[in-house]
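K.L.:
In case you want the letters, here they are:
There are 2 protein chains.
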Amino acid sequence: MSEQLAVGLLGYGTVGSGVAQIIHEHQEKLQHQIGCEVQVTKALVSDMGKEREVPSGHIEFTTDADDVINDPKIDVVVEVMGSIEQARGYILQALNNHKHVVTANKDLMALHGTELLQVANDKRCDLFYEASVAGGIPILRSLTEGLASDQIQKVMGIVNGTTNYILTKMANDNRSYDDVLAEAQELGYAEADPTADVEGYDAARKVAILATLSFSMNIDLDDVCVKGISNVTEEDLAYSKQLGYTMKLIGLANRTEDQVEVSVQPALLPNEHPLASVKDEFNAAYVYGEAVGETMFYGPGAGKLPTATAVVSDLVEVMKNMRLGVNGNSAVLPQYEKNLKADEDIFAKYFIRLHARDLPGTFSSLTSLFSELDVSLEKILQLPVPESDVAEIIIVTHNASKSAYKSMLKQLNELDVVVEVKSSYRVEGEEA
Amino acid sequence: MSEQLAVGLLGYGTVGSGVAQIIHEHQEKLQHQIGCEVQVTKALVSDMGKEREVPSGHIEFTTDADDVINDPKIDVVVEVMGSIEQARGYILQALNNHKHVVTANKDLMALHGTELLQVANDKRCDLFYEASVAGGIPILRSLTEGLASDQIQKVMGIVNGTTNYILTKMANDNRSYDDVLAEAQELGYAEADPTADVEGYDAARKVAILATLSFSMNIDLDDVCVKGISNVTEEDLAYSKQLGYTMKLIGLANRTEDQVEVSVQPALLPNEHPLASVKDEFNAAYVYGEAVGETMFYGPGAGKLPTATAVVSDLVEVMKNMRLGVNGNSAVLPQYEKNLKADEDIFAKYFIRLHARDLPGTFSSLTSLFSELDVSLEKILQLPVPESDVAEIIIVTHNASKSAYKSMLKQLNELDVVVEVKSSYRVEGEEA
Chain A
1 MSEQLAVGLL
11 GYGTVGSGVA
21 QIIHEHQEKL
31 QHQIGCEVQV
41 TKALVSDMGK
51 EREVPSGHIE
61 FTTDADDVIN
71 DPKIDVVVEV
81 MGSIEQARGY
91 ILQALNNHKH
101 VVTANKDLMA
111 LHGTELLQVA
121 NDKRCDLFYE
131 ASVAGGIPIL
141 RSLTEGLASD
151 QIQKVMGIVN
161 GTTNYILTKM
171 ANDNRSYDDV
181 LAEAQELGYA
191 EADPTADVEG
201 YDAARKVAIL
211 ATLSFSMNID
221 LDDVCVKGIS
231 NVTEEDLAYS
241 KQLGYTMKLI
251 GLANRTEDQV
261 EVSVQPALLP
271 NEHPLASVKD
281 EFNAAYVYGE
291 AVGETMFYGP
301 GAGKLPTATA
311 VVSDLVEVMK
321 NMRLGVNGNS
331 AVLPQYEKNL
341 KADEDIFAKY
351 FIRLHARDLP
361 GTFSSLTSLF
371 SELDVSLEKI
381 LQLPVPESDV
391 AEIIIVTHNA
401 SKSAYKSMLK
411 QLNELDVVVE
421 VKSSYRVEGE
431 EA
Chain B
1 MSEQLAVGLL
11 GYGTVGSGVA
21 QIIHEHQEKL
31 QHQIGCEVQV
41 TKALVSDMGK
51 EREVPSGHIE
61 FTTDADDVIN
71 DPKIDVVVEV
81 MGSIEQARGY
91 ILQALNNHKH
101 VVTANKDLMA
111 LHGTELLQVA
121 NDKRCDLFYE
131 ASVAGGIPIL
141 RSLTEGLASD
151 QIQKVMGIVN
161 GTTNYILTKM
171 ANDNRSYDDV
181 LAEAQELGYA
191 EADPTADVEG
201 YDAARKVAIL
211 ATLSFSMNID
221 LDDVCVKGIS
231 NVTEEDLAYS
241 KQLGYTMKLI
251 GLANRTEDQV
261 EVSVQPALLP
271 NEHPLASVKD
281 EFNAAYVYGE
291 AVGETMFYGP
301 GAGKLPTATA
311 VVSDLVEVMK
321 NMRLGVNGNS
331 AVLPQYEKNL
341 KADEDIFAKY
351 FIRLHARDLP
361 GTFSSLTSLF
371 SELDVSLEKI
381 LQLPVPESDV
391 AEIIIVTHNA
401 SKSAYKSMLK
411 QLNELDVVVE
421 VKSSYRVEGE
431 EA
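Quick mapping for you: the protein sequence lines, in order, are chains A and B.
The first sequence stops at residue 432 when you use full-length UniProt numbering, and every number in between is there.
The second sequence stops at residue 432 when you use full-length UniProt numbering, and every number in between is there.
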């Protein structure tokens with residue numbers, strides 16, 4: 001093996017230039033860890049004419065990806081260009097050329113992770129992707145290391161900064177979803193088309209990656225049951241608060257024996273749950289392992305230096321493995337058959353808010369419905385709705401199966417005394 | 001290098017037997033990570049006759065430490081026996097025999113860490129001690145890895161489970177310190193002599209280790225300014241709560257340019273601070289790095305499997321380094337001269353609770369005293385003390401130097417209108 005390790009970048013935007021900067025500025029520390037020199041030698045860009053910051057004069061820029069992925073002198077390819085199909089093609093070619101790969105591309109890993117990891121494994125190459133989930137938090141490495149001596153039972157993640165920012169502002173300032181979204185767009189925290197964030201699709205990709213790794217099952221994006229935050233109202237947040245809950249968009253991966261559930265939804269957490277205090281655009285992952293118990297990792301989910309730092313930590317790992325001759329061992333390829341829970345086996349507590357006629361007998365119609373469905377109630381809050389003959393009723397159930405929950409919603413809507421079921425949410429992070 | 005790495009244990013109690021168990025049960029995964037077999041070959045015990053769980057038949061027990069530390073076939077010595085002087089002697093001898101060392105001994109590392117790391121460095125050996133601070137949280141590794149591409153500005157840790165349990169119960173159930181301590185002792189959460197925990201000495205050892213690593217300065221135990229929780233009252237907790245704060249025993253390591261402050265004290269955090277939700281016997285470390293920003297790690301601070309897992313993660317690191325030929329590089333030896341802040345340079349907000357005569361003019365005497373000391377006030381709460389002519393007054397200041405704070409306390413006690421200054425605490429985790 002040569003005494004210099006060469007890195008080729010696919011993409012030289014915010015993250016790519018951050019990676020080059022960190023490798024340049026921390027060269028000595030990196031050499032101490034790895035045992036040899038590390039250099040970024042080439043970078044793929046789309047426009048040669050663009051002015052860019054280059055930390056040292058040695059990076060050769062090119063607009064031809066082959067210059068990077070077919071260069072026999074390059075040991076590791078770092079993909080930070082985004083896109084799905086093109087990135088997939090480049091990474092496959094790099095792996096086929098026996099190059100190790102580090103990527104920050106969550107869309108790619110959520111859709112094609114298992115295929116790419118399989119190819120990497122066949123070629124005895126490393127494929128690392130720490131930066132794809134919660135950039136500033138070493139969550140994938142912690143899960144992988146944890147797995148070496150533990151069994152992961154549950155992961156709950158706040159893995160989308162935009163939605164956490166919106167929910168935090170709505171709750172703190174009693175403002176509407178539309179109002180806060182518009183502000184977030186102005187401030188650059190939300191995109192002009194916010195669909196991927198607010199409908200939970202971005203979080204779903206990350207939770208698919210987390211679940212695949214945690215349970216060693218090939219969890220597809222289609223396996224993730226997704227609900228976003230665009231229907232959350234100020235009233236929902238106000239009543240949640242009154243009952244001691246904080247609403248978060250939670251990516252959930254949950255195992256009971258050999259069956260798993262993977263979902264993304266706005267869920268209510270008790271205020272004292274560690275995830276409840278994760279504010280604004282921060283990310284966090286709460287992990288329950290059989291041996292170690294509860295742990296949580298909290299930090300920035302994005303940003304140039306946090307993300308580039310995650311990429312560099314992957315690079316260090318690849319290079320240590322190269323020198324150890326153990327590349328291709330660290331990838332946790334799905335080992336088990338996917339075994340998803342049916343609705344009958346998914347248990348949770350539910351928060352249900354409805355408007356009912358404020359008449360004698362309303363309450364007993366409601367409670368007898370719950371009792372028929374064998375769902376017991378933990379909390380009930382009833383308030384008059386001003387200037388109407390309607391009562392606002394909030395119910396928090398004890399554990400109920402998802403199928404019982406669905407029947408419950410249907411039958412509540414059919415009850416004469418119920419004007420409208422306004423909203424319902426899962427309650428997580430409490431004992432049953 | 002041989003194709004089997006041999007580990008010798010000094011101590012085979014809870015943690016030692018946990019290490020042997022994990023190495024046995026996860027042998028295949030460990031081999032995948034390291035590239036060769038790992039075995040515990042010998043263990044030092046004090047009583048040969050005692051019955052003990054042994055995961056495989058291959059461990060040779062001995063009552064003579066030399067059998068372990070002078071065995072040329074042993075590559076790594078794991079010290080999990082406790083004690084200070086004896087452990088120090090064994091570790092020095094092991095290092096002099098060119099063996100790598102993993103220890104879980106916080107007392108030893110806080111008192112002799114710099115000396116031992118220096119010897120390890122001279123011998124090009126690794127000396128790792130992840131399990132010495134917050135067993136279930138990979139905080140030392142995160143700091144070390146973070147340091148490779150970041151500068152740590154601040155660490156705030158809840159690093160003592162006993163005191164966190166006591167403060168949590170006092171606050172939640174409105175109970176007295178003595179009452180909760182007695183219960184904690186009954187339940188085994190506090191020792192018969194609780195001094196080391198409740199007076200903050202245990203936390204001080206851990207924060208000395210954290211500060212030494214974070215700032216690369218040789219922070220001695222004597223450099224840590226320590227205050228425990230034995231004088232905390234129910235009233236303090238009730239008024240803190242009323243003002244939106246949660247009290248925690250905080251180990252603080254804080255840098256401003258090249259000057260540092262290291263302390264342990266009960267401090268008030270805003271309820272929405274991530275550390276405020278760390279309950280019961282859990283530990284957590286909040287880290288502020290220049291590049292990555294805010295991160296927090298949360299988990300169990302002790303326990304057989306969490307601590308043994310931390311020891312095994314150190315072992316994996318040592319063994320990877322052996323195969324890489326980079327042992328002795330990872331140790332972060334103090335590189336900078338210690339430069340401690342004077343009281344004039346330590347700034348914080350303070351919560352002060354006092355009893356004053358309920359007379360006209362009381363308030364203006366108080367406020368003119370603060371104004372003379374150039375300390376401005378953020379919050380004031382005044383309540384009558386039932387059946388007395390005394391008022392309960394709680395003041396939260398804006399940032400003040402520690403020297404101004406000391407003058408303030410002295411002069412408040414000398415004021416005619418003040419009956420007694422009941423208590424005072426730092427307020428941390430807010431903007432100035």
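Because the hints were derived from the structure by calculation, they are not lab data.
Computed from a predicted model, the values in this text were never measured in an experiment.
One should not assume that every hint holds.
The list makes no distinction among identical chains, and a pair is therefore deemed to hold if it is satisfied within one copy or across any two copies.
What the hints assert, rightly or not - Okay, derived cross-link-like pairs now, BS3-like style, lysine-lysine, Cα gap no bigger than 30 angstroms in a straight line: (1) 410 to 50; (2) 279 to 73; (3) 341 to 29; (4) 338 to 123; (5) 338 to 241; (6) 304 to 341; (7) 338 to 169; (8) 73 to 341; (9) 123 to 241; (10) 279 to 29; (11) 341 to 402; (12) 29 to 154; (13) 29 to 338; (14) 422 to 50; (15) 279 to 169; (16) 241 to 304; (17) 73 to 422; (18) 402 to 73; (19) 241 to 169; (20) 50 to 73; (21) 169 to 50.
K.L.:
State for each hint whether it applies.
P.N.:
Hint check results:
1. 410 to 50: Neither. Shortest intra-copy (58 angstroms) and inter-copy (64 angstroms) distances fail the 30 angstroms Cα cut-off.
2. 279 to 73: Cα proximity of residue 279 and residue 73: none, with 45 angstroms in one copy and 52 angstroms across.
3. 341 to 29: So residue 341 and residue 29 pass the 30 angstroms test across copies only (28 angstroms; inside, 47 angstroms).
4. 338 to 123: Classified as within: same-chain Cα gap 25 angstroms, cross-chain 50 angstroms, threshold 30 angstroms.
5. 338 to 241: neither (37 angstroms within a copy, 47 angstroms between copies)
6. 304 to 341: neither (38 angstroms within a copy, 32 angstroms between copies)
7. 338 to 169: Neither. Shortest intra-copy (38 angstroms) and inter-copy (43 angstroms) distances fail the 30 angstroms Cα cut-off.
8. 73 to 341: neither (48 angstroms within a copy, 50 angstroms between copies)
9. 123 to 241: Classified as neither; 53 angstroms inside a copy, 59 angstroms across copies.
10. 279 to 29: Classified as neither; 33 angstroms inside a copy, 37 angstroms across copies.
11. 341 to 402: within (10 angstroms within a copy, 58 angstroms between copies)
12. 29 to 154: between (36 angstroms within a copy, 21 angstroms between copies)
13. 29 to 338: between (42 angstroms within a copy, 21 angstroms between copies)
14. 422 to 50: Answer is neither: 52 angstroms inside a copy and 65 angstroms across each miss the 30 angstroms cutoff.
15. 279 to 169: Both: 9 angstroms inside a copy, 25 angstroms across copies.
16. 241 to 304: Cα proximity of residue 241 and residue 304: none, with 34 angstroms in one copy and 38 angstroms across.
17. 73 to 422: Neither: 62 angstroms inside a copy, 70 angstroms across copies.
18. 402 to 73: Classified as neither; 55 angstroms inside a copy, 58 angstroms across copies.
19. 241 to 169: both (13 angstroms within a copy, 23 angstroms between copies)
20. 50 to 73: within (26 angstroms within a copy, 59 angstroms between copies)
21. 169 to 50: Intra 38 angstroms, inter 60 angstroms, cutoff 30 angstroms: neither.
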